[in-house]
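Peer 1: Just so you know, the protein sequences line up as chains A and B, in that order.
For the first sequence, numbering that gives the first Met the number 0 begins at 0 and goes up steadily by one.
For the second sequence, numbering that gives the first Met the number 0 begins at 0 and goes up steadily by one.
For the record, the hints were derived by calculation from the structure and aren't laboratory data.
Treat the hints with care, as some may be off.
[What the hints assert, rightly or not] A few chain B residues that face chain A, going by a derived Cβ cut-off under 7 Å, partial list only: (1) 538; (2) 641; (3) 648.
Quick reminder that beta carbons are idealized off the backbone N, C-alpha and C, glycines included.
This is what each chain is made of:
Protein chains: 2
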Amino acid sequence: MTTPPAHDVHAAWLPPEAFRAIGSRRVFVSGSGTVRDEVAQACAQYGGSVVSGEGPVDLVLAVSTAEPLPAVAQAVQGTAGEDGFVFARHDGVTVVLADDPAGLLYGLFHVVRLGESAFGAARPAELHRPATRRRMVDHWDNVDVHPVMGQVERGYSGGSIFWRDGGLRDDLTRVRAYGRLLAASGINAISVNNVNVHATEAHLLTDRLGDVAAIADELRPYGIRVHLSVNFASPIALGGLPSADPLDEGVREWWARATERVYETIPDFGGYVVKADSEGQPGPFAYERTHADGANMLADALAPFGGVVHWRAFVYNHRQDWRDRSTDRARAAHDHFAPLDGRFRDNAILQVKYGPMDFQTREPVSPVIAAMPGTSLAVELQVTQEYTGQQRHVCYLPPQWSEILAFRPWGPGGRAVADVATGGGGLVAVSNVGDDPYWTGHPLAQANLYAFGRLAWDPRLDPAAILDEWIDLTFVPVTNVDPGPLRRTLHAMMDGSWRTYERYTAPLGVGFMVRPGHHYGPDVDGYEYTPWGTYHFADRDGVGVDRTRASGTGFTGQYPQPWSEVYESPEQCPDELLLFFHHVPYEHVLHDGTTVIQHIYDTHFAGVEEVAEARLSWEKLAGAVDPALHDRVRELLDEQLRCAEEWRDQVNTYFFRKSGVPDARGRRIH
Amino acid sequence: MTTPPAHDVHAAWLPPEAFRAIGSRRVFVSGSGTVRDEVAQACAQYGGSVVSGEGPVDLVLAVSTAEPLPAVAQAVQGTAGEDGFVFARHDGVTVVLADDPAGLLYGLFHVVRLGESAFGAARPAELHRPATRRRMVDHWDNVDVHPVMGQVERGYSGGSIFWRDGGLRDDLTRVRAYGRLLAASGINAISVNNVNVHATEAHLLTDRLGDVAAIADELRPYGIRVHLSVNFASPIALGGLPSADPLDEGVREWWARATERVYETIPDFGGYVVKADSEGQPGPFAYERTHADGANMLADALAPFGGVVHWRAFVYNHRQDWRDRSTDRARAAHDHFAPLDGRFRDNAILQVKYGPMDFQTREPVSPVIAAMPGTSLAVELQVTQEYTGQQRHVCYLPPQWSEILAFRPWGPGGRAVADVATGGGGLVAVSNVGDDPYWTGHPLAQANLYAFGRLAWDPRLDPAAILDEWIDLTFVPVTNVDPGPLRRTLHAMMDGSWRTYERYTAPLGVGFMVRPGHHYGPDVDGYEYTPWGTYHFADRDGVGVDRTRASGTGFTGQYPQPWSEVYESPEQCPDELLLFFHHVPYEHVLHDGTTVIQHIYDTHFAGVEEVAEARLSWEKLAGAVDPALHDRVRELLDEQLRCAEEWRDQVNTYFFRKSGVPDARGRRIH
């Protein structure tokens, strides 16, 4: 394992110092492999040693079936299970026992997170198991530079760490380092190319499969399986068949053979990811087949080898006529997929975006998540900040994700979204990583990736606690500086940053208002008269989308009770989603007593003030963090403030010009 | 001379049939050269002959100093002058006498235009002279394909006829054919690369000068001189100098040497075109020098060889803050250039866009045109339809140009814009030609290029008469079809098409409202909150830009009387420019008695109806024109209608949502 030199690539949440507690001790490690290598490297740096099981020992890291185990380990009870581990502190020895190498790896990183506190008071055996078997990140990386989207679609961190100028990178050092970071957060699956599978990328399935195998080789030591986005029309494009009909025997046979060859090359291959009949991608509709037919065809090809297909539910009409008020993009996924419940194979995972639209700062939870009890659903989140500041703005997303995961579609007594996910396909996210030295463009955006892994492992973790973990790992104090101010400042800047971002952008759940195409910065009417189905319908009297059954598109009817009723009623609907579900007058009074128009003004002024405060707080940390990192964040905060002011002024001016209502507090609106 | 095969490239206004009248006669031609080649080719096709001056003759085409001249020619009096010719019909012989080969060429094409009528009744000698010495088209063609703008910036007719994939085309047949078409319209100067001079294109001045020479060789037979757009920073980029300061001796010396080398290679080289300190291009401001300093430096380098520099006046702040209401882009050119009047060299031509903004469908005439009596001004028009339908919409522009040329900035008794231009640098236009088989994408857009040449020759020509010429040349009847219906239909479709386009797009001179970037189709607020200085300031009460002295930006003060007063007054201001100069309530009553808001609705419904009528008219011409051309125009009319409906609905909906005023006639507004 090679860690890139510190001056070249930032160590993120695995700086050498994070291994000091382990590296300064006597460690027993069973077997060879990644965990032994990690420990040996840490001990070489901090004076500890890898010891046999017979002498004194401070830390045991062992697969439970290993022989011989130190005596102390035999006192620790518990069956770890796949990917799990048992952790205990017993007789002055810290013990991690796992049933498999992956579990041992997660145990090692657990000790890393605990640091010195792993070697303190005795602890009874704790069983750590991931909530789901598969914890996945998707990359929207292109092999060929796309003329519009570039090397990484919706990527804000430079080029791809896998691909460059039409081919696999020569040096895959960073791929391995990335695998190590992902493993330390709990991730164990990755798809390596864009779901919009262009011509070159389609060949990764066949003649360019060697590139995928090379990536798999780098990630395997960290327990990460590689998945591949494939083009539904591959039998035509690659196989020369006249059709890609999922019920055609020749087509099915083609996929079976192609999949067989994939597993001959990559025996632990994870499976396929498919975006079909979506935004121009081919799909089963061309053959008058259902999406279940499409997904099942691939599931059947993968089943003999234990693979899965992730089939995305992001299907809607992206050539809608804005004049057509009867079509509602929010309805589309439910309309298409709910009727198919129960018709997907066990190894077909329906990958559903968290909201009915497209990764907005605020959306209701997608009704699809509550509508398909007979289908294995994965909930898709977006770590890459497409609509949340594009890694130029601080926007710590786990508070949003936790709200989504804690949402109970069937009401207070029912299951939560987290339960649906853990009982099904788990969590999947679009990664925010590129070849930027800080991995994620904005150094603080690393926290989103780390936290996603942790939530995929355990969706009930507290976002603030995860942030603590990330801060302590990433900013291990190297001098005798009090870590308190840094930690407090980062919490102040990050804990509420998603809500801050919400305040200065599109109000009350109405969404979008971004510049078309690149989606950065404000343009209130940017998507208002386009085919994309993303409208706010603001006029001189009011704003919002009527999605009620009573007078609107009927989208509220896609939810079970009580939400169907709650969302239907402008009085009961939560304020933060009001304009998603209702078209209301500007003078409509929210639950806190302010009007909609005054809320727009107030939140936009407040959001900018919060960014200005964050910027000042960060200034005061000069000297407490690495100067290069401090500079990078400072420059980005300047841009965030500029952009937040632009949002404030455009949104406020737009609504003042339309409504004619002055700000009650007399602040400047241009 | 090779004319491309008819099935490959459309003959435009020079089909073989246009030469029938000449080609079936006995023609005396003095000297060798292009005119003789043209006549010989026509006679080979239509049975006529090139004859000596001694026998019977029907047509004499001669340079007046040629020996021996047929006797009949000696009876024709008149001094043609540079580029001019004398035309007469005498004793049954048609006579064209010129003083130079170029004049003879224009005389030949005059006879082509007249066709059989050139050989009818006797005509006394008519003297034909161009209104200006230089009649120029600019190409915004890139050598390297630009990642955003493509091979031709604002090009809607395919690739460049000069350049392809980073180099000169191997086959320059079309360049020569283009030269022939230009000469037949009266053009005699061309610049061959984009005024945004990117890295590769900068080298055309030095190590890639051979490419320019090759183009000049193709165009020289048709009397067309080549000009080159150069980068102001060339001394740095190409010469390795530390500066491009126009008053630096080393810099001046560099330009002198570079220009000397150009003329060594291309002795009849025309000169330079420069866009400086504009939209990111370098310029003299970096050295705290004036634009006169910059232009004069290049003029001095060109003067020894008789060359000219075209220096564009398109200088404004394109990074304006939309919140800053004190800055007015319309003022910029006058603010920058008017104080420099009298400080430009004689061979420095200030090239001024016709309006103060940027080639909108409707703008007032630029006040710069009236502000610089001591400077040689060229008026720049845009044949390429950037803001007028991008050669997907029928938009015959000469009525607009004629209005501009006939405008009298000093009032009814004063000189017209045409007088300023013909007394100075003449007319320049951005060409609409590319490698499309019809040259201009939309076959009917050929008429704009033809008409521009004719107006550059004589700005007082009537647009409808020019259209007649173009129709008769382009659609020479090959069968016994009555040409009347075709001619009537084309007039009905084209004469009013600019006003039709105006009706369904941005109202009352307010401009823009186009999709940012590509500028096609509507987006009312697309540029409203951007740095480009192009705003309409619509709110719930009214719309328009206050450019008065009384309460606005003071732009009206840049005009001489009476226009300064006329534009200042919302009552006197012409309706079609009302929103360019004034912000008025929606209920403001226009001179025709309708309100602004009702005018918006009415014109947008009417504009679409006019397009629908044009489409129906064209349908009826099936069979009367070449089927491929008919199909192309039909498809484009479908798109025009779709786009016009989109304009109508977006503009009407936008203003209905803002104003709340219903259409008085109850038509459907979405």
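Peer 1: Does the nearest C-beta of chain A fall within a distance shorter than 7 Å of the C-beta of residue 538/B?
Peer 2: Hint on residue 538/B: holds, closest Cβ of chain A at ~4 Å, below 7 Å.
Peer 1: A closest beta-carbon separation below 7 Å is what the hint needs, so does residue 648/B meet it against chain A?
Peer 2: This hint holds: residue 648/B lies near chain A, its Cβ roughly 6 Å from the closest one there, short of 7 Å.
Peer 1: With a cut-off of 7 Å, does the beta carbon of residue 641/B approach a beta carbon of chain A closely enough for the hint to hold?
Peer 2: It is violated, given that the least Cβ distance between residue 641/B and chain A is near 11 Å, above 7 Å.
Hint violations for this structure: number 2 only, all remaining hints satisfied.
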